[in-house]
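Got chain A; can you put chains B, C and D on it based on the hints?
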Amino acid sequence: MSGGDILSVKNLCVDYAVGRKKFSAVRDVSFEVRRGETFSIVGESGSGKTTIGRAILRVAPVTGGEIRLLGERISGKIPAERERALRQKVQMIFQDPMASLNERAKIDYIVSEGLLNFGLFKDEAERRAKVERALREVGLLPEFASRFPHEFSGGQRQRIGIARALVMEPELLVADEPISALDVSIRAQVINLLNRLKKDRGLTYVFIAHDLSVVRFISDRIAVIYRGRIVELAGAEELFAKPLHPYTRALLSAVPVPDPEIESVRQVVPYDPAMHDYSRSPARWIEAEKEHFVLGNDEELALWRKA
Amino acid sequence: MSGATKAPAPGAAAPALLEARDLSISFSLRGRRLNAVRGASLSLRAGETLAVVGESGSGKSVLAKSFLGMLDKNGRVDSGSILFGGEDLARYTKERQWLALRGKRIAMIFQDPMTALNPLKTVGEQIRESAALHRGLDRKASRLAVLETLDRVGISDPEGRYRQYPHEFSGGMRQRAVIAAAVACRPEVLICDEPTTALDVTVQAQILDLIKSLQRDFGMGVLFITHDLGVVAKVADRVAVMYAGQVIEEGLVREVFYDPRCPYTWALLASLPQLGVKGEELYSIKGTPPSLFKQIKGDAFAPRNPRALLVDYEEEPPVFDVSPTHRAKTWLLDPRAPRVEAPDTIERLRARLAAGSGGTGGRP
Amino acid sequence: MGSYILKRLGQSLFTVVIVVISVFMLLRLMPTTGYFTREDYVNLDETARTAYLRNLGVLDNPVVQFGRFMGGLAKGDLGRSISIYPRTPVTAVIAEKAPYSIYFGLVSIVLSMAVGLGLGVSMARHKDGFADGAGTVYVTIVRAIPSLIWLFLIQQWVSGVMGWPMVFYSDRPVSWILPLVSFSLSGIAWYAIWLRRFMVDEENRDYVKFATSKGLSKKRVMRSHVLRNALVPLVQYFPQQILLTIAGSLLIESIYSIPGMGGLLVNAIRQQDNPLVQALVLLYAVLGVLGVFLGDLLMVFVDPRIKLEGSSGKAA
Amino acid sequence: MRREPTRLGPELFRPAPFDEAAAELTGYARYSYWRSTFRTFLKSPVSIFLLALIVVLVAASFAYPILSPTDPNKVELETSLWNAKPGAGHPFGTDGLGRDIWARTWHGTRTSMLLGIVIAVLDVGVGMIAGALWGYVRRLDRFMTELYNVLNNIPQTVFLILLTYIMRPGFWTIVTALCSTGWIGIARFVRNKVITIRDAEYNVASRCLGTPLHRMISRNVLPYLVSILIMEAALTIPYSIGSEVFLGFIGLGLPIETVSLGNLVNLGKNNFMLYPYQLAWPTLVLAAITVSFYIVGNRFADASDPRNHV
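Chains as they are written, first to last, in my numbering: chain A, 1 to 307; chain B, 1 to 364; chain C, 1 to 316; chain D, 1 to 310.
Okay, chain A solo, but in the shape it has when bound:
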């Protein structure tokens, strides 16, 4: 683990019980997140990407492996003190701005919920000031504090959700598809906001998404996840320039580009997981290029490199 890592996830496994059957949402996932970077996890619905985000925040059960924040273990049983520290240092932004705000509470309460939980203010005036500052920071008017979530549009609600996380002054933000439920014209607001906060506050992001085009714009490194396993991990530009794993290629080829000229010639590459034959030589986590990892065996890798 290098000194710059803020978060490290090692061999993480998350299982859910559905009836009597066990369902593995996340299998043997490892990665590190460096301070000040945007680390993205990309995958389709049901790939386990959301579960990883939730496991970091201790709201999904970890069945194997461990998660460390600044070197301290935050998965499994941990002392209350460390849990408290975790809640302040790591915060989350949610996908659906319509579902992630308590409809029966005023914005004032929603934004200051974390402050109340940990008594992070001297007096009422300071709490108000903190709420006001958080709202301003996300481009909303302080007078919105006395209103209910229902009165706001999706983009505004999403920014309220960000204000709620910011008020805790976190170091790491887990953003779970924060823009996929937003209207196109609103997305840029939120992306700019996240990028500005990263610059101004030195925030680190774990950015969870299914849309590669957005991910490319904001990420430093990207992990591609398929059915609970990370299949490829590389720097953002490296991944787009030299995708190795066939699933990554399929994903890249499938995302429509808003340019009719490109679209008219683009070919979609299908991916069939049955193509892997790991009976003789099992898949390993290989560093194919510097800082560019892929899940496969040597034979496959040679093949992928040629393609």
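Just so you know, these hints were derived from the structure itself, not from any lab.
Glycine is no exception: its CB is placed at the ideal position from the N, C-alpha and C atoms.
A couple of the hints might just be wrong.
As a list, the in silico DSBU-like pairs of lysine-lysine whose alpha-carbon atoms are at most 35 Å apart [as the list claims (entries may be wrong)]:
1. Lys73(B) / Lys209(C)
2. Lys77(A) / Lys199(A)
3. Lys218(C) / Lys104(B)
4. Lys121(B) / Lys219(C)
5. Lys209(C) / Lys127(C)
One side of the interface only, derived from the structure: several residues of chain D facing chain A at Cβ under 10 Å [said to hold, decoys possible]:
6. Ala88
7. Asn203
8. Cys208
Same frame as chain A, now just chains B, C and D:
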């Protein structure tokens, strides 16, 4: 660049198959009126795909539903007309009139394939329902027609799938089944209301390809409603951009992407991260769309438009023809308007047009 | 699917066992006067009463009693009536009464379903229209006002106006009309209100919009999609409704002096005939459990989604 | 366009000042859940009228016995005062023992209302707590589900009869009997609701913020349940009052000497042919109460459904 036009005449290439003229639709909600569509005009020609782009609340879905007479009970067409097959659908009052069209000549695909199928009926039965109804086939013949359609939309083992229930299908397969039910009668117009929004990207690509190939084979006019400009670039021949219940720009896909004229279209394109430069601020649109409960004075986008003119707050802009196939509703095209610079992204896109193989409506 | 049925069957048996034990235990708390006919109670002195009770076995260890009770149950012996039909086996009493309840129940089930479901459909089809309004008023009256009151008023007024007998005579068919109507009134309201609610819920679903967009007429969408799907959640309750209806109505049988099981229970309670009360309560409870079980079973055939859920053990 | 654009002077074709804050305000609409609920509810005159009727009846039934000296159990020795028709002195007439039906009606209403309210409060209170625990504490789920299956399988009427038969007739017997089955239905309902709320995204957000359980329940869960619980309570009252009438009829109701609407109805019924007013007046009051609660409960349920708000 020509002046304001009275009639919406989007090019003379082919006669319109389905056309909305100055259509206004409102809903009554607890004593208030929501003006969902405010004088929108667009036209769809045979064999083409017209993408209607807009964000939620722009009225694009309402517009589409009105073409099938399927507005919610509290909604009504206030004015304007919907022309199809020599008739004005906006004048239709009886269910019987609509029954001659729905599913037979105009069909529709919905957003969420998980809920569009009746969970208690077999998939085959639900497709057969419309095949039997419109094509007058008996049980056996309609069953064969369904099997053929299932095969055509890429569902393997049609015989077995026919008897299965929707919950036994994956999301992508369900959407294929929905498409099969919609095209079973070879409609002239297929309306797709965000058909891939609920699907994964890899599945989305397949469904888009399917719709395109069906359109080619059947020669349908496809009205494709979406908010995703990537999808538009992939499927559309022409694009209509909607904002606050109006069509503010309509043109060939190359015209709208590479030479947009309305500030809202600029903003929409410029705000896309795919077109942005990494490390720089994205162009972003401030604020939120206007409430359609209120009367809107002037250009609905003006309060969010840093490039707005004073006149935008006073008077609604007329529609200007940019080219025979390209129309835009903005005061910037008025001869009196000053020259207003588009965002950098748009300039880059324009450069692309100049370098590219050349579209129809280039810059003057 | 098979495993699901077995699992549900096991659950129901468990419930029945719990019910039998609880009823038995609870009835040990009943006043012991319920074991005497009135004249016996008056005529006997304290020691004679105790001797009588001991003879009956009521004073034995509850476990012993329970064993004896279960033994009897296995042989179909539910004890003997005391005050109403002295020394007659309870099973014989019930066997004599049951046909009346079953007859009235069956006819009223047919009537309530036909009228109630029809009313529910027209309420849903013309939502907020006249049928809906009238139906709502009817349902409100029937469900909000205690049934004793309107049952009594119907008996008094209608029989007076029509000149029909006020009580039931098995040989005068005209006297069957009012009990039948009374039997059906609340059933009609029940079927109507629930069918309406489920239909209105279904009407707003996406698949209904899609079916409409396919060109199906409103009538056809209503019949082959909305009604069909709305009936599914209702079907689950049919068996219990039917079983409990044919088991008789306490109020109606009592008001019209119909010699059925419902009236019998009221009499047994009023005259504190413990063995009869015990047997009837047990019968009703078992019918209730059986009804719920059959309802769940029925769902397996009506709702194709259950089979999958059942196999993964999620259906409960 | 309808209007000639030439009307617009060239001075209008200049850039307009841009106000970012104004852009934020464009979409906003004022909304509060409770305000909308009450506005929707109070829109219908029927709802207002019935709500007012409930208030008047409740007030009257509690105020009358305090204000009036008339003893509802006072028996007249003079036979001429028996079965008196409604008139001066006895607005609702007298019964077979010369007892004033007006006084008895209000005393009876008070008993029945009290019964209904006590049962509603207990049912909803116990149901809410049990349901919240059932939903939140996973270990309880199995036991509660089995208990629910058992209780739910037995017809309520049978249960009611059995319990009232075993216990001595009285107010608390009826309360116990009705509550022993009533709470579980509400608990089940609350539990299902809690489970959907528990997994809702805003609750996950609260967990990420380290919100303690008590605040999760009081701020995140309860506000969503209040409307349902009010409705349940409103519908439990007419049901309880009706059950008392039914139990009175089969001989398991309140003791004869207790004045209640159930006993009044059952007494009045016996003399209906000769003295219909003895049944009519208590019945009218009874029906007014049950129908009002029933309709108000249903209307409130409609009004509190956010789908019916703007």
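Evaluated hints:
1. Lys73(B) / Lys209(C): With a Cα-Cα distance of about 12 Å, the restraint between Lys73(B) and Lys209(C) holds, given a limit of 35 Å.
2. Lys77(A) / Lys199(A): Holds: Lys77(A) and Lys199(A) sit about 34 Å apart, inside 35 Å.
3. Lys218(C) / Lys104(B): Holds, at roughly 16 Å.
4. Lys121(B) / Lys219(C): Measuring from Cα to Cα gives roughly 18 Å; hence the hint holds.
5. Lys209(C) / Lys127(C): Given pair Lys209(C), Lys127(C) holds - Cα atoms ~17 Å apart, limit 35 Å.
6. Ala88: Violated, because the Cβ-Cβ distance from Ala88(D) to chain A comes to roughly 55 Å (cut-off 10 Å).
7. Asn203: Since the shortest Cβ distance to chain A is 8 Å, the answer is holds.
8. Cys208: The hint holds - Cys208(D) has a Cβ within 10 Å of chain A, the shortest such distance being about 5 Å.
Hint 6 from the earlier list is the only one contradicted by this structure; the remaining hints agree with it.
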